[in-house]
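Student: What follows is each chain in one-letter form.
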Amino acid sequence: QKEVEQDPGPLSVPEGAIVSLNCTYSNSAFQYFMWYRQYSRKGPELLMYTYSSGNKEDGRFTAQVDKSSKYISLFIRDSQPSDSATYLCAMDTSGTYKYIFGTGTRLKVLA
Amino acid sequence: DTGVSQDPRHKITKRGQNVTFRCDPISEHNRLYWYRQTLGQGPEFLTYFQNEAQLEKSRLLSDRFSAERPKGSFSTLEIQRTEQGDSAMYLCASGFVDSPLHFGNGTRLTVT
Numbered sequence: 007q008k009e010v011e012q013d014p015g016p017l018s019v020p021e022g023a024i025v026s027l028n029c030t031y032s033n034s035a036f037q038y039f040m041w042y043r044q045y046s047r048k049g050p051e052l053l054m055y056t057y058s059s060g061n062k063e064d065g066r067f068t069a070q071v072d073k074s075s076k077y078i079s080l081f082i083r084d085s086q087p088s089d090s091a092t093y094l095c096a097m098d099t100s101g102t103y104k105y106i107f108g109t110g111t112r113l114k115v116l117a
Numbered sequence: 337d338t339g340v341s342q343d344p345r346h347k348i349t350k351r352g353q354n355v356t357f358r359c360d361p362i363s364e365h366n367r368l369y370w371y372r373q374t375l376g377q378g379p380e381f382l383t384y385f386q387n388e389a390q391l392e393k394s395r396l397l398s399d400r401f402s403a404e405r406p407k408g409s410f411s412t413l414e415i416q417r418t419e420q421g422d423s424a425m426y427l428c429a430s431g432f433v434d435s436p437l438h439f440g441n442g443t444r445l446t447v448t
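Residue numbers (the numbering used here), protein chains in the order written: chain A, 7 to 117; chain B, 337 to 448.
Hints may contain errors.
Taking lysine-lysine and the DSS-like style, the derived pairs with C-alpha atoms no more than 30 Å apart in a straight line are [unchecked claim]: (1) A:76 - A:62; (2) A:8 - A:76; (3) A:76 - A:104; (4) A:62 - A:8; (5) A:114 - A:62; (6) A:62 - A:73; (7) B:393 - A:76; (8) B:347 - B:407; (9) A:114 - B:393; (10) A:104 - A:114; (11) A:104 - A:62; (12) A:76 - A:114; (13) A:48 - B:407; (14) A:76 - B:407; (15) A:114 - B:350; (16) A:48 - A:62; (17) B:407 - A:73; (18) A:114 - A:48; (19) B:393 - A:73; (20) A:104 - B:393; (21) A:104 - A:73; (22) A:8 - A:48; (23) B:407 - A:8; (24) A:62 - B:350; (25) A:114 - A:8.
Since the hints were derived computationally from the structure, they do not count as laboratory data.
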């Protein structure tokens, strides 16, 4: 079993939809939770960074962490075709930044 | 903030050749990381530096791989005697303590 599980998709949604992306994990020591967006042939771009449990909002993006369920989510409101990319979750135990990444979910937002 | 810069963007080499990649981190960041990403997978940690000191290497980093960060600025990653299994995207990232990592756009290595 991988430490971090993420559905690879692809996930196709119409423009304007609310998108929900999720990761589950097995290591209860994870404390730092990140979401990155990666366009084809580009590096990962940081979207959200959360320490421990709770919610964090930034514009159209909301990140949720539920440590009791070992489950994290990224919500994208009013999705746009430009949001079409692969979304990677990443986790870290102690701030050393040896991140454990999920495999990424491919998202397609249809105009 | 010009971001993390990596060079070259794409390298094609024949099996058995040596290759070297360069990473220029965001200037004020003292931590620098190398990750490897294969198709359909998330990045995997290879090694990291705090200033010029290489603090940890993953078991993924065989003896054919070596990384340096002279003077705590740019970093190089060298792969000797390349194998087809080395074909991947090599990503560099930098950051401060207590801040998340920022990645470059990677060097895509193709070993033929």
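Student: Which hints from the list above does the structure break, by number from lowest to highest?
Tutor: 9, 14, 15, 17, 23, 24
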